[in-house]
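> Chain residues, written in single-letter form:
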Amino acid sequence: MSETVKKFLYLNRKAPYGTIYAWESLEVVLIGAAFDQEVRLMFLDDGVYQLTTGQDTAGVGMKNFSPTYRTLGDYEVKNIYVDKDSLEARGLTQDDLVAIAWEDWETEEEIENIVEVVDAARVSELMEESDVIFSF
Amino acid sequence: MSETVKKFLYLNRKAPYGTIYAWESLEVVLIGAAFDQEVRLMFLDDGVYQLTTGQDTAGVGMKNFSPTYRTLGDYEVKNIYVDKDSLEARGLTQDDLVAIAWEDWETEEEIENIVEVVDAARVSELMEESDVIFSF
Amino acid sequence: MKFAIQINEGPYQHQASDSAYFFTKAALEQGHEVFRVFFYHDGVNNGTRLTTPPQDDRNIVERWAELADQYKIQSVTKDENGNETVQTELVVCVAAAQRRGIVDEGEAKRNGKDATNIHPKFRISGLGQLVEAAIQADRLVVFGD
Amino acid sequence: MKFAIQINEGPYQHQASDSAYFFTKAALEQGHEVFRVFFYHDGVNNGTRLTTPPQDDRNIVERWAELADQYKIQSVTKDENGNETVQTELVVCVAAAQRRGIVDEGEAKRNGKDATNIHPKFRISGLGQLVEAAIQADRLVVFGD
Amino acid sequence: MSILHTVNKSPFERNSLESCLKFANKDDPVLLFEDGVYAVLKGTSAEKQLEAALAEQSIYVLGPDLAARGFSEDRIIDGIEVVDYAGFVELAANNDKVQAWL
Amino acid sequence: MSILHTVNKSPFERNSLESCLKFANKDDPVLLFEDGVYAVLKGTSAEKQLEAALAEQSIYVLGPDLAARGFSEDRIIDGIEVVDYAGFVELAANNDKVQAWL
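Chains as they are written, first to last, in the numbering used here: chain A, 1 to 136; chain B, 1 to 136; chain C, 1 to 145; chain D, 1 to 145; chain E, 1 to 102; chain F, 1 to 102.
Next up, chain A with everything else stripped away, as it sits in the complex (with noise of 0.2 angstroms):
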């Protein structure tokens, strides 16, 4: 395993179901979490229905992978960012989405909520910002 740090973005851009980019996206992040890199999860695009809540995929016979969203503080992600424009072209805000609350196991410093909305702008900066981006 590598010593290196590196800022990874995985960038979201796809809605779930409907293909499966965004379930093995999931799994990229989940396997990621064991490489003890500074991770970032952006959802983007049609990629905000991936957050959203109340989820039931019984009539459909798949998976019902959103759970696990829930989770994702328990990999080590601490920041999880959702662009604004699609959220309101798509006639949704935070409410719609799930929360997913995060919490420091040594200083149990404790999150309730790191899913934040930001703006283009912010956007573009955490793209900028960051080392590697995985794009789904």
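Keep in mind the hints are simulated off the structure, nothing from the lab. These numbers were taken from a predicted model, which means no experiment stands behind them. Glycine is no exception: its CB is placed at the ideal position from the N, C-alpha and C atoms. Mixed in with the good hints, there may be bad ones.
[Claimed, not checked] To give a feel for the contact side, a few chain A residues facing chain F, derived at Cβ under 8 angstroms:
| id | residue |
| --- | --- |
| 1 | 123 |
| 2 | 124 |
| 3 | 132 |
Fit chains B, C, D, E and F to the known structure of chain A by using the hints.
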């Protein structure tokens, strides 16, 4: 084989080379010619790019299948339609497209170019007139 | 009513095969006939017997095979002596399959391949089977990307 | 410079694998190192040895295998006794491969499959190999739909 | 001859719905399913387009796909009808052909 | 840190280019390839968007993809630069990272 004669409409909406749909759609048309149905082809949206002249695939290592369109007249295809608005939005005119000749072997009737540019109302009408729509 | 179904995408990557399955099942449950399910483009990848989806996920390939069994999505032909041959009508396009590596015994022999991967309930056949299905069926319903 | 390549789509249906191939070839010709080519999502279908494309078309799978041979897209590890193991770095994601039916000897044994279809120049491995590639490489370049 | 038009793509990602609504004949029904269901939600940038279409034709949405994506029926534009797979089959049977805007 | 943005989709079919141009930082180069090359042609409904972007950043198009689709370099918007695969590699090497707008 059936005696039924149906009106087939092949509706092509995808650009060539980026994906295989255009090429594998053309393969259905070629095979379908053996079934003596009444066949029409429609090119809509990015599908109009299938008919551009001068395609040269040497640099991308893919097979150039555009010459096949010119032979469609030999496969009993007599009607090929291109949506006018789709051309205009893409800055194209009929001069950018291949001409496809047709000849009736029995009557020696000839048509120099069976590619016809039609308006949206005619597109709708042609869909309505058909018995089966193959969409690619 | 007679339906023909066309599926353009492989399993899992796109929802096409899932949607087609539930549509086909509902049509059969209503007493309609599903004359043929034709797998074209990447759809041919639905015909491999080698998938192992996670235990908590659906098995798309087996689900098609079971549906075809249960509702007899198959055709029966008789030879001169009156012997019946029953064929499954989960049909994989041969040209599309060759490009993508879906292989049965005959294809393996013809193309010098040392293995096959076709599921026993699927069969590989020509593109003419799609055209014929479109002629025979009252409705052709296409599922894709 | 060290490149890592990710390919998300199977051969023929999308241009992704073609574009990735020409990019990789150009990088190698310029003297760059291509550390690993990682096949994810339907990209795993690039790793089958069972394709038979038409004679006038390119063979996408073999082309990757030949490029990997020619430019040694591979890694060398030594065991305690100094014995070297050379591994190809055309890596197919195991989880994605299981869903889609890309199988090697080990997978066939584990999942009770009666055949394999992996091309000998490709290997199946974990998703960690993608993450590791992204860490090790100077650039990760992704090709998809 | 009536056509059932199906759209399975998000109107925010692809042009499928736009093309469908442009070329579908009046009175021809449209069914939104898979990622196409996002078009039926209230308050989106596609809402006006949908409402204009609703004045001329029936629009249906596949309930199981809507539920999978986390949206209840009270989120959808008035006048759009929810169907299940059986309803999808009935729509396909009751119209003369099906055109999929892939 | 500069980013090379790549777009491989037609601007008439998908929203990829639009999103790319919205979020790319000024000065970041954009490479259009595969079906993305249709965006660089003169006289299309996407032309204004491209010209506005050109005022702020470099735009490249992959020549082999353009030729495959039947278009010569005299059809493309002034100021857009044509590169081959080697040029694509150089762009990827000369910027700090690559973002693919799939």
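> Hint by hint, note whether the structure agrees.
A quick look at each hint next to the structure:
1. 123: At about 5 angstroms, which falls below the 8 angstroms cut-off, the nearest Cβ of chain F leaves the hint on residue 123 of chain A intact, so it holds.
2. 124: holds, 5 angstroms
3. 132: For residue 132 of chain A, the interface hint holds, since the closest Cβ of chain F sits about 6 angstroms away, which is under 8 angstroms.
The structure is consistent with each of the numbered hints, conforming to all of them.
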